[in-house]
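Peer 1: The primary structure of each chain is shown beneath.
2 protein chains.
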Amino acid sequence: MLSLKDAIRPTTILEPEKLRSLLGLDLVVISETFQHTGSFKFRAAYNVVLNRPESEFVGVSSGNFGQALAYACKLLDRKCTVIMPHNSSKVKVDAVRAYGAAADLINVNEVSRVERLEQLRRERPDAYMASAFDDRLVIEGNSSLGDELVGIGLDAVVVPIGGGGLISGTVEAFERTKKPIEIIGAEPAMANDAARSLKAGRIIQNDVEPQTVADGTRTLSVGQHNFPVIQRGVKEILEVSEEKIVAGLKLYFSHANLKCEPTGALSLGAVLQDPDRFREKRIGVIVSGGNVDADLYARLLT
Amino acid sequence: MLSLKDAIRPTTILEPEKLRSLLGLDLVVISETFQHTGSFKFRAAYNVVLNRPESEFVGVSSGNFGQALAYACKLLDRKCTVIMPHNSSKVKVDAVRAYGAAADLINVNEVSRVERLEQLRRERPDAYMASAFDDRLVIEGNSSLGDELVGIGLDAVVVPIGGGGLISGTVEAFERTKKPIEIIGAEPAMANDAARSLKAGRIIQNDVEPQTVADGTRTLSVGQHNFPVIQRGVKEILEVSEEKIVAGLKLYFSHANLKCEPTGALSLGAVLQDPDRFREKRIGVIVSGGNVDADLYARLLT
Numbered sequence: 001m002l003s004l005k006d007a008i009r010p011t012t013i014l015e016p017e018k019l020r021s022l023l024g025l026d027l028v029v030i031s032e033t034f035q036h037t038g039s040f041k042f043r044a045a046y047n048v049v050l051n052r053p054e055s056e057f058v059g060v061s062s063g064n065f066g067q068a069l070a071y072a073c074k075l076l077d078r079k080c081t082v083i084m085p086h087n088s089s090k091v092k093v094d095a096v097r098a099y100g101a102a103a104d105l106i107n108v109n110e111v112s113r114v115e116r117l118e119q120l121r122r123e124r125p126d127a128y129m130a131s132a133f134d135d136r137l138v139i140e141g142n143s144s145l146g147d148e149l150v151g152i153g154l155d156a157v158v159v160p161i162g163g164g165g166l167i168s169g170t171v172e173a174f175e176r177t178k179k180p181i182e183i184i185g186a187e188p189a190m191a192n193d194a195a196r197s198l199k200a201g202r203i204i205q206n207d208v209e210p211q212t213v214a215d216g217t218r219t220l221s222v223g224q225h226n227f228p229v230i231q232r233g234v235k236e237i238l239e240v241s242e243e244k245i246v247a248g249l250k251l252y253f254s255h256a257n258l259k260c261e262p263t264g265a266l267s268l269g270a271v272l273q274d275p276d277r278f279r280e281k282r283i284g285v286i287v288s289g290g291n292v293d294a295d296l297y298a299r300l301l302t
Numbered sequence: 303m304l305s306l307k308d309a310i311r312p313t314t315i316l317e318p319e320k321l322r323s324l325l326g327l328d329l330v331v332i333s334e335t336f337q338h339t340g341s342f343k344f345r346a347a348y349n350v351v352l353n354r355p356e357s358e359f360v361g362v363s364s365g366n367f368g369q370a371l372a373y374a375c376k377l378l379d380r381k382c383t384v385i386m387p388h389n390s391s392k393v394k395v396d397a398v399r400a401y402g403a404a405a406d407l408i409n410v411n412e413v414s415r416v417e418r419l420e421q422l423r424r425e426r427p428d429a430y431m432a433s434a435f436d437d438r439l440v441i442e443g444n445s446s447l448g449d450e451l452v453g454i455g456l457d458a459v460v461v462p463i464g465g466g467g468l469i470s471g472t473v474e475a476f477e478r479t480k481k482p483i484e485i486i487g488a489e490p491a492m493a494n495d496a497a498r499s500l501k502a503g504r505i506i507q508n509d510v511e512p513q514t515v516a517d518g519t520r521t522l523s524v525g526q527h528n529f530p531v532i533q534r535g536v537k538e539i540l541e542v543s544e545e546k547i548v549a550g551l552k553l554y555f556s557h558a559n560l561k562c563e564p565t566g567a568l569s570l571g572a573v574l575q576d577p578d579r580f581r582e583k584r585i586g587v588i589v590s591g592g593n594v595d596a597d598l599y600a601r602l603l604t
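In the order they appear, the protein sequences are chains A and B.
Sequential numbering from 1 applies to the first sequence in the working numbering.
Sequential numbering from 303 applies to the second sequence in the working numbering.
This is chain A alone, in the form it adopts within the complex (with noise of 0.2 Å):
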């Protein structure tokens, strides 16, 4: 059985010449694409089930937290079954289901996720469920990827925000240093309600699932767990437009070949919307993830 830090890959980092000519910034990029299953999610995942009694996982994700989820379970030798939505891609869904987990596929327009889940709660009482950001082992375990952020000399780094799990982890890394540096949060404009909470002092939620493109973001709002941690280590959320997060995913393509999902495009779209914010800095952009569907990435890209 692996300790977190020997089962995590170490984060890949990557000083792209050409994309920092074109901004003319001093910009690393911190890419979780290489990461098991694809994205930080895994860091989250691992370390829930690896610290927990349990023998059985319930999660609900359509994306990176399921995948994480199932992988983290077959290591560790759990069950695991992932709610997800009846119209999510083949792809998802298979993937889950090739980590040797159940695939439970609900029809949001009749039981909505919540529910499901609290059906599932109450049906097998014995098995956990976990949550993809509102849990402290979720920030501990993305925890582990600030500690690998602490030698590179950061200035500062910016960092996507959707529950708002690896912004909350982050914090922590640098809090358990000597060496604090300006965390910046990164949330797409029509999904911003981690920025508006922290301008209130508390919790706001969407009403709605927003519908950016930056996909793992489409939270109703911040956990209660990672709140008070974000209020205590993030200085400012950037929120950031729907075209520049296209313009950060294509950058990535064509100045510093690295395929990401839009999501983890968002940390250096925020800084494509005000560069001059960034200058005479060493700055950090985490790409949180690379999985998408070939016919979106297609698309986005021409």
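Since the hints were derived computationally from the structure, they do not count as laboratory data.
Each hint should be verified, as a subset may be incorrect.
[Stated by the list, open to error] Straight line, CA to CA, 20 Å or less: simulated DMTMM-like cross-link-like pairs of lysine to aspartate or glutamate: (1) B:LYS392 - A:GLU236; (2) A:LYS250 - B:ASP396; (3) B:LYS552 - A:GLU56; (4) A:LYS5 - B:GLU317; (5) B:LYS307 - A:GLU17; (6) B:LYS552 - A:ASP293; (7) A:LYS199 - A:GLU239; (8) A:LYS79 - A:ASP126; (9) A:LYS281 - A:GLU236; (10) A:LYS235 - A:ASP276; (11) B:LYS392 - B:ASP406; (12) A:LYS281 - A:GLU17; (13) B:LYS307 - A:GLU15; (14) B:LYS376 - A:ASP26; (15) A:LYS74 - B:GLU317; (16) A:LYS79 - A:GLU118; (17) B:LYS481 - B:ASP406; (18) A:LYS5 - B:GLU319; (19) A:LYS79 - A:GLU56.
For chain A, the structure is supplied; the task is to place chain B on it using the hints.
Peer 2: Chain B alone, transformed into the frame defined by chain A:
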């Protein structure tokens, strides 16, 4: 002035779980897509410029070698001219110019690249005419990639072949160790001059540049310096269909989150063509580079 070892970026070594399970192979991906200028060619170009006394370099390339030579000259403060067909893609011409080199655009219907090189050789007798593959310094530069592979316990490595510079370097790197491995070439079936040469025991030329999708291998023949090394150290050259090259590129996208150019997918294409050839072995596939136009890439993906 950095040594070769300090100037290059270490290669990126990936063991993508999804791809490995799909193929049922112990596959290690060795990617040069994040090398300076996006391909292994930087290793060769830097070594040439570093070790030649001339203050000016001329190369012929519409692709990766041009960018690599331009950037090496920029780093080492030399003048650089890259001869390119006048219909080269704007992206490639711009890249060469962005590295500070002159792009010498020729109409290939009026003057061949070789003729233009001879013209420049006469006009600029003090410049070094840099070959992309047929040069001892190129082989030596490329051997730095082989050196990085020595420690990872491969039984075999599959290497793309165009002019033969990369595979010659790989052979020489492993000759320096006490742990030889099986070195296998991968060449497009429609540009199989190296495979035919190896069988015939002498260099055989293509009549015209073969129009394979793997445009990095559109050479007329392997180099004079490369062929004896290939004869000495390459066990076999596999001939890969265009279809399998594209299948490799798509699998890297979907199962490894790796963006590569068609030539970069040649070695995986060779494996796809005959996976049983590689069972029960730890095999490396070298991804030579990642530079590809967005339009072409999107078309190949879908």
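Peer 1: CA of LYS79 of chain A to CA of ASP126 of chain A, is that 20 Å or under?
Peer 2: Distance ~11 Å between LYS79 of chain A and ASP126 of chain A Cα, so the pair holds.
Peer 1: Mind checking the alpha carbons of LYS552 of chain B and GLU56 of chain A for me, to see if they're no more than 20 Å apart?
Peer 2: 35 Å, violated
Peer 1: Between LYS376 of chain B and ASP26 of chain A, is the straight-line Cα distance small enough, at 20 Å or below?
Peer 2: Judged against 20 Å, a Cα distance of about 19 Å means the pair holds.
Peer 1: If you draw a straight line from the CA of LYS235 of chain A to the CA of ASP276 of chain A, is it 20 Å or shorter?
Peer 2: 17 Å, holds
Peer 1: Tell me if the straight-line CA distance from LYS392 of chain B to ASP406 of chain B falls inside 20 Å.
Peer 2: The given pair, whose Cα atoms are some 13 Å apart, holds under the 20 Å limit.
Peer 1: Sort out whether GLU319 of chain B lies within 20 Å of LYS5 of chain A, counting only the CA atoms.
Peer 2: 18 Å, holds
Peer 1: Is LYS392 of chain B close enough to GLU236 of chain A, meaning Cα to Cα at most 20 Å?
Peer 2: 39 Å, violated
Peer 1: Under the criterion that the straight-line Cα-Cα distance not exceed 20 Å, is the pair LYS281 of chain A, GLU236 of chain A satisfied?
Peer 2: 16 Å, holds
Peer 1: Regarding the pair LYS79 of chain A and GLU56 of chain A, is the alpha-carbon distance no greater than 20 Å?
Peer 2: 4 Å, holds
Peer 1: Is LYS281 of chain A close enough to GLU17 of chain A, meaning Cα to Cα at most 20 Å?
Peer 2: 16 Å, holds
Peer 1: Would you mind confirming whether the straight-line C-alpha gap from LYS481 of chain B to ASP406 of chain B stays at or under 20 Å?
Peer 2: The hint is violated at about 44 Å.
Peer 1: Is the straight-line distance between the alpha-carbon of LYS74 of chain A and that of GLU317 of chain B 20 Å or less?
Peer 2: 18 Å, holds
The structure fails to meet hints 1, 3 and 17 from the earlier list, while all remaining hints are met.
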